[in-house]
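Student: Protein sequence lines correspond, in order, to chains A and B. Every letter in the first sequence is one number past the one before it in the working numbering, and letter 94, counting from 1, is 94. Every letter in the second sequence is one number past the one before it in the working numbering, and letter 1, counting from 1, is 1.
Quick list of the computed label-pair ranges, beta carbon to beta carbon:
hint	chain 1	residue 1	chain 2	residue 2	range
1	A	54	B	95	53 to 61 Å
2	B	90	A	103	53 to 61 Å
3	B	89	A	120	36 to 44 Å
4	B	177	A	105	47 to 55 Å
5	B	138	A	65	28 to 36 Å
6	B	45	A	122	33 to 41 Å
No lab work stands behind these hints: they were computed from the structure. Beta carbons are placed, not taken as given, at the ideal position from N, Cα and C, and that holds for glycine.
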Amino acid sequence: MKNLCLGLTLLLVLTGCAAPRPLYKEPGVSFQGYRTVEVTPVVNETGKVFDSFDVPGALTENLKNKLKDKGFAVNGGDREAKVLVIKWSLMTYEPGSALARWVLPGTGVTKCTVKVAVADKETGKTMSEFVESESVGGGGLYTIGMDRRILGSVAGKVADDLDRLVKGG
Amino acid sequence: MQSKVIKYWLAAVILLAAAAGCAIAPMVTEMTPPVAPALAPAQSGGKTLQVMPLQEGDTWETNISKKGTKVENYQEALVRTLRQTGLFQEVFTTQAGDYMLKPALISFDVHPGTFSCSINLFINYRLIETKSGREVWKENLYSQGSAGLDRGLYKGAYEEAVRNNLAQLAGKLANLPL
Numbered sequence: 001m002k003n004l005c006l007g008l009t010l011l012l013v014l015t016g017c018a019a020p021r022p023l024y025k026e027p028g029v030s031f032q033g034y035r036t037v038e039v040t041p042v043v044n045e046t047g048k049v050f051d052s053f054d055v056p057g058a059l060t061e062n063l064k065n066k067l068k069d070k071g072f073a074v075n076g077g078d079r080e081a082k083v084l085v086i087k088w089s090l091m092t093y094e095p096g097s098a099l100a101r102w103v104l105p106g107t108g109v110t111k112c113t114v115k116v117a118v119a120d121k122e123t124g125k126t127m128s129e130f131v132e133s134e135s136v137g138g139g140g141l142y143t144i145g146m147d148r149r150i151l152g153s154v155a156g157k158v159a160d161d162l163d164r165l166v167k168g169g
Numbered sequence: 001m002q003s004k005v006i007k008y009w010l011a012a013v014i015l016l017a018a019a020a021g022c023a024i025a026p027m028v029t030e031m032t033p034p035v036a037p038a039l040a041p042a043q044s045g046g047k048t049l050q051v052m053p054l055q056e057g058d059t060w061e062t063n064i065s066k067k068g069t070k071v072e073n074y075q076e077a078l079v080r081t082l083r084q085t086g087l088f089q090e091v092f093t094t095q096a097g098d099y100m101l102k103p104a105l106i107s108f109d110v111h112p113g114t115f116s117c118s119i120n121l122f123i124n125y126r127l128i129e130t131k132s133g134r135e136v137w138k139e140n141l142y143s144q145g146s147a148g149l150d151r152g153l154y155k156g157a158y159e160e161a162v163r164n165n166l167a168q169l170a171g172k173l174a175n176l177p178l
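Model the full assembly from the supplied sequences, consistent with the hints where possible.
Tutor: So, in structure tokens, the structure goes:
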């Protein structure tokens with residue numbers, strides 16, 4: 001029994017140690033010294049029109065807030081500072097349905113995928129590109145409101161990636 | 001009664017084993033986009049191309065992740081697509097050509113589900129003039145694929161993601177003044 005507990009604890013600890021995915025950087029670029037970010041409105045490339053709420057607008061606002069939480073100056077700040085421009089696209093968005101997930105887990109999946117390009121404002125040169133996505137296919141009624149919450153989750157991942165790029169130099 | 005239970009149990013095990021055996025790997029033919037040679041009018045000028053293997057993992061200079069990825073049969077589909085375009089007189093894998101195409105995986109995200117599977121594929125392509133070492137073209141191409149039970153979930157999604165990626169690549173290369 002003791003061994004089982006020890007094994008489970010070790011497994012949990014190791015799971016927490018999973019290294020984040022390395023990010024793509026253009027060869028030779030350095031992110032050192034960038035703390036100001038200009039977030040352009042996300043471009044809707046899903047080919048869909050969203051009637052229930054302004055999905056691209058909400059996603060853009062979410063990213064601005066997440067970046068501010070990480071200590072970035074967003075769309076402003078020091079004029080002398082080196083500025084990163086985020087140009088991004090919403091590639092997939094499915095609002096899904098918590099009710100469908102409750103009735104039959106695996107159906108009513110909520111999905112969101114964005115493609116992000118990070119460029120230097122002065123030179124316009126792209127320094128990094130990455131894709132972030134999230135999908136929720138389970139959780140039933142506990143996932144009510146996931147159609148909006150998923151935007152915060154994906155924006156959070158993008159902010160994390162940018163933070164890692166900058167901290168990584 | 002007991003023998004009946006054993007019979008059902010055995011039948012279930014056999015069915016399960018048969019179903020597992022039916023899991024087919026992604027097929028190169030399904031991963032190859034229907035590229036018409038007309039996409040590239042005979043503009044190859046007798047140039048040849050060497051296609052390098054897809055670079056993954058920590059070996060690449062940009063430190064791309066390989067974690068959890070399984071990019072199967074990709075190079076075969078890539079070579080097949082490039083041969084179909086007719087852009088190059090010959091497409092090699094082991095022999096040097098006038099140009100070298102270097103694909104490298106940026107990310108490969110799989111979202112498996114009970115009734116559907118979706119895949120995001122993001123690949124960096126670089127076309128290099130072999131003699132001079134000059135980079136002629138580079139671009140990161142993103143594609144998606146999704147499939148339900150009818151198309152084998154992962155298999156169908158993967159084939160579609162690769163097919164869409166290669167279709168974009170063929171279109172981009174066709175517009176290059178080689």
